[in-house]
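Enquirer: Here is what each chain is made of, one letter per residue.
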Amino acid sequence: KNQVEQSPQSLIILEGKNCTLQCNYTVSPFSNLRWYKQDTGRGPVSLTIMTFSENTKSNGRYTATLDADTKQSSLHITASQLSDSASYICVVREGTGANNLFFGTGTRLTVIP
Amino acid sequence: GAGVSQSPSNKVTEKGKDVELRCDPISGHTALYWYRQSLGQGLEFLIYFQGNSAPDKSGLPSDRFSAERTGGSVSTLTIQRTQQEDSAVYLCASSLGRGGETQYFGPGTRLLVL
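For the protein sequence lines, the chains are A and B, in the order given. Residue numbers 288 to 400, in our numbering, belong to the letters of the first sequence in order. Residue numbers 237 to 350, in our numbering, belong to the letters of the second sequence in order.
Worth flagging that the hints you see were computed from the coordinates, not collected in a lab. Careful: at least some of the hints might be erroneous.
With the C-beta cut set under 7 Å, the calculated list includes, among others, these residues of chain A facing chain B [what the hints assert, rightly or not]:
id: 1; residue: Arg-329
id: 2; residue: Gly-382
id: 3; residue: Asn-386
id: 4; residue: Thr-392
Glycine is no exception: its CB is placed at the ideal position from the N, C-alpha and C atoms.
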């Protein structure tokens, strides 16, 4: 069964600290993995996309990693800011179809001053 | 507009009433998706439109739910005889439609059924 699991479910950190969010998946065949950021009351916005051959990709203070062998991905946030408070959703695409997407339930990150 | 827009942003309705939710995708995007997001839950796929092809309705939870996409652009999600469990955020997304590319989400419609 194709699944995407994220951990932790929620996380509270102090401003300026680093954190790492986890995403484990069983989706096969794997096409790509995206991390989305969803601010409260807004739609999700894509942060990074990882394909099979990519191990790490950065977008500013966000760095995503992918281990296709263990089917794990992480999103590392460096020097957190209050504006990083949001839900972070891991989405895995299966095969080549445009609609074969599997969504994690997200990690709710709260950054406090 | 530059992004996906949805209306209304909030909708409160009585149980048993019908509601219509609207999505305006990004111009030129041939793929359009509807999702439902309940509190503390992941996004639940509802329906997918791709160009002039027959829509993928496999995610619609019951026959009370239907959606149309007119002229390959604007889409309307209709929920008939709403139930309290229909309360959720309904998100629309569009993409270029070639497969594998980024989805751009609208801000969602927050539906509350009393």
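Enquirer: Does each hint hold? Answer for all of them.
Expert: Hints, one by one, checked against the model:
At its closest, the beta carbon of Arg-329 of chain A sits 5 Å from a beta carbon of chain B; the interface hint therefore holds under the 7 Å criterion. For Gly-382 of chain A, the shortest C-beta to C-beta distance to chain B is roughly 9 Å, which exceeds 7 Å, and the interface hint is violated. Annotation: Asn-386 of chain A was flagged as interfacial toward chain B, and the flag holds, the nearest CB pair being 4 Å apart, inside 7 Å. At about 4 Å, the closest approach between the beta carbon of Thr-392 of chain A and any beta carbon in chain B falls short of 7 Å, and the interface hint on this residue holds.
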